[in-house]
Amino acid sequence: MRKLKFHPCGNFKEDYEKDLTLFETDFGRTWMWIGIAALFLIIPVTFKAYWLYVLNHIGIAAIAAIGLNLLIGFTGQISLGHGAFFGVGAYGAAILATSLNLPFWLSVPCAGLITALVGMVFGIPSARLKHLYLLIATLAGQFIIQYLFVQWESLTRGAEGITLPPATLFGLRIKGDRPFFFLIFSCFVTLTWVAVNLVRTRYGRAFIAIRDNERAAAGMGIPLFRYKLLSFAISSFYAGFAGGLSAYYIGSITPEPFSLLLSIEFIAMIIIGGLGSIPGSVFGTLFIMLLNEGLGAITEFFMNLSAFSGVALTLAPLREFVFGLAIVLFIIFEPRGLAEVWRIVRSSFRLWPFSY
Amino acid sequence: MSFFLQLFIQGLSIGFLYALAALGFVIIFKSSSVLNLAHGEIMAMGAFIFLIFSLWLKLPIPVAFVLTLVGSFALGFFIERFFLRPMIGESLIYVIMLTVGMAAMFKGLMLFVFGGNLFNYPDFLPKSLSIQWRAVHIPPVYTVSLLIGLVFLAIFGLFFKYSSQGIYMRSVADNQVAALSLGVHVRRVFALSWAIAGLVCAMSGIILGIMNGISVHEISHMGLKVFPVVILGGLESIPGAIIGGIIMGLLETFTGGYVSTALREVLPYIVLVFILLIKPHGLFGLVEIERV
Chain A
1 MRKLKFHPCG NFKEDYEKDL TLFETDFGRT WMWIGIAALF LIIPVTFKAY
51 WLYVLNHIGI AAIAAIGLNL LIGFTGQISL GHGAFFGVGA YGAAILATSL
101 NLPFWLSVPC AGLITALVGM VFGIPSARLK HLYLLIATLA GQFIIQYLFV
151 QWESLTRGAE GITLPPATLF GLRIKGDRPF FFLIFSCFVT LTWVAVNLVR
201 TRYGRAFIAI RDNERAAAGM GIPLFRYKLL SFAISSFYAG FAGGLSAYYI
251 GSITPEPFSL LLSIEFIAMI IIGGLGSIPG SVFGTLFIML LNEGLGAITE
301 FFMNLSAFSG VALTLAPLRE FVFGLAIVLF IIFEPRGLAE VWRIVRSSFR
351 LWPFSY
Chain B
1 MSFFLQLFIQ GLSIGFLYAL AALGFVIIFK SSSVLNLAHG EIMAMGAFIF
51 LIFSLWLKLP IPVAFVLTLV GSFALGFFIE RFFLRPMIGE SLIYVIMLTV
101 GMAAMFKGLM LFVFGGNLFN YPDFLPKSLS IQWRAVHIPP VYTVSLLIGL
151 VFLAIFGLFF KYSSQGIYMR SVADNQVAAL SLGVHVRRVF ALSWAIAGLV
201 CAMSGIILGI MNGISVHEIS HMGLKVFPVV ILGGLESIPG AIIGGIIMGL
251 LETFTGGYVS TALREVLPYI VLVFILLIKP HGLFGLVEIE RV
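Here the protein sequences come in this chain order: A and B. Here the first sequence is numbered in this note's numbering, starting from 1 and rising by one per residue. Here the second sequence is numbered in this note's numbering, starting from 1 and rising by one per residue.
Bear in mind the hints are in silico, worked out from the structure with no lab data behind them. Incorrect hints may have been included.
Some but not every residue of chain B turned toward chain A, in silico, with C-beta under 8 Å [as the list claims (entries may be wrong)]: (1) L92; (2) Y94; (3) I96; (4) L98; (5) A103; (6) A104; (7) G108; (8) F112; (9) E218; (10) M222; (11) I231; (12) I270; (13) L272.
Every residue, glycine too, gets a C-beta built ideally from N, C-alpha and C.
Chain A on its own, in the form it takes in the complex (with noise of 0.2 Å):
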């Protein structure tokens, strides 16, 4: 057996196999099989239904995270339009599955790919614009969307909405949480492990590469139209695909919940999390949507009160104040998100007790 590798106390990469190895110590690859195994046997078992049940929410916009923070964490692209595009492969999934019965395996991963074409097509804009132009093209991408799921009623049923046969894979019917748990996670981990292994690629390097300073990597021989469809692809695909797997688990769908909120909500995740971190989408997306979940908590306890029920009913739009207030509480004072939190803990562990 070789040698476990501790930290080493300084930055001795001599080539770019070391820079580019995704974990420096045995350590962290240790952990993450700890973690990959307490989340696929012990939680599933442990927890309630109800935690299930979001536990499989956070899964789902996870996936949808990481795909933003692709885009705009590491492509520098800005997108206002994947509430949308989440949208998109949501219906997606529901028009294979009902009117051309689709399997559910074969159905989600086509609206992935569904909505990677639609995500070139609001990228391509991205051709001349940039920055603030950018998002305002894909703003427009997210209202143009939600007014084809509420008028294009030949194929998306309008405000009546769509209901979805139940999932079925390999001959087995999967309804409930605890099977929709182990569906969502295998996938949110198999995307997660494709993700980090792409920013390390050619094409994430290129992406960086972008991002960091357009002029400088066309410079470099970077066609930087093509790679930036690309990344509008894939960080689409990632939403559409986030989006059909959340028809299923929901059962049908209207659109209503696909609106810029949505694509606003994503954007704070990443943003909450830290940008060009594939971790810190998920803290992110962790984050936000326990918030939710609390700031419910509360609005409920003061419902039950019957004494506070007024107030509980008042108490409804403080959440998306709280909201509000933690996306700006991050932007000043913690910019690079909980990424950045969580490095300075880890840092402040291995100082111990020597922290300069």
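Following the hints, position chain B against chain A.
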């Protein structure tokens, strides 16, 4: 024909309302290059401040109006001081997300205080302002919107062109470092531009409130329609805001009148995508020249 005229006048005054709303946006963008996504919420804040003074405290309308303008001026000032100032020098996405967070905060706060209901101002506009010409009837609000739009746009056009503060603002927008080295008080310029923007927002919020009633969702949604307008006109151009506003207003009312009301809501954004593809810097916007 009279239907056409009716729509035309209506579109024109809605266009001036858009132009006024876009003006607030352009002022901020011109001086500090911040894309303010909380625009609609600030408009709604202004409308509600006026509601408090006029309906709840029952102050006479002119007094309430002046107090609202003062209040919204202060609000703009406050926003700059506590939210935007720490962000000077940060990268764009953070600033934009900050305004998104602000939007959520304000919206939550207003929903908390006022609820999602529709409110109406007391009816105070004189009837003499309404115009009746053959079959064309124009309610006083539209006339007022036109008048106020014209007056404000003229004032601010002249302000940016001739007053020293206006010139400072333009210099800061052009190049912050150069402006600093020439002795322009950049922070004061930022504060002033946010305060003025707050005032203009309140103005357009009030007109919108008289037109359609005041509800948080309605007005804050309206704030997003500013984007097509400013993109069409060019992000940093006041004449652009006026022309963009009028074009969008007309386009919207005609689509609403002749085609369908559902399309009316989304049409500005469809136009927006095409403008961005064909002429990204709008009709009057500055084409940024990027040097490596």
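Handout entry: Given hint G108 (chain B) near chain A, where the shortest CB pair must fall under 8 Å
Key = holds (3 Å)
Problem - Interface hint outcome for I231 (chain B) [beta carbon to chain A under 8 Å] - result: holds (6 Å)
Handout entry: Restraint check, 8 Å cut-off on beta carbons, for I270 (chain B) near chain A
Key = At about 6 Å, which falls below the 8 Å cut-off, the nearest Cβ of chain A leaves the hint on I270 (chain B) intact, so it holds.
Exercise for the section: Would you check whether F112 (chain B) satisfies its interface hint, that is, whether its CB is within less than 8 Å of any CB in chain A? Expected result: holds (5 Å)
Exercise for the section: Tell me if Y94 (chain B) is really an interface residue toward chain A, meaning its C-beta lies closer than 8 Å to one of theirs. Expected result: Holds, about 5 Å.
Problem - E218 (chain B) as chain A interface residue, shortest Cβ-Cβ below 8 Å - result: The hint is violated - E218 (chain B) has no Cβ within 8 Å of chain A, the shortest such distance being about 15 Å.
Exercise for the section: Return the status of the interface hint for L92 (chain B): holds when the least beta-carbon distance to chain A is below 8 Å, violated otherwise. Expected result: Hint on L92 (chain B): holds, closest Cβ of chain A at ~5 Å, below 8 Å.
Practice task
Go through the hint on L272 (chain B) and say holds or violated, using the shortest Cβ distance to chain A against 8 Å.
Solution key: Since chain A brings a Cβ to about 5 Å from L272 (chain B), closer than 8 Å, the hint holds.
Exercise for the section: Mind checking the CB of I96 (chain B) against every CB in chain A and telling me if the closest is under 8 Å? Expected result: With a minimum Cβ separation of about 7 Å from chain A (threshold 8 Å), the hint on I96 (chain B) holds.
Problem - Interface hint status, L98 (chain B) versus chain A (Cβ within 8 Å) - result: holds (5 Å)
Exercise for the section: Verify the interface restraint on A103 (chain B): the C-beta must sit less than 8 Å from at least one C-beta of chain A. Expected result: holds (7 Å)
Exercise for the section: Grab the minimum C-beta distance from M222 (chain B) to chain A and call the hint holds if it beats 8 Å, violated otherwise. Expected result: violated (13 Å)
Figure legend: structure checked against the earlier numbered hints; hints not met, in rising order: 9, 10.
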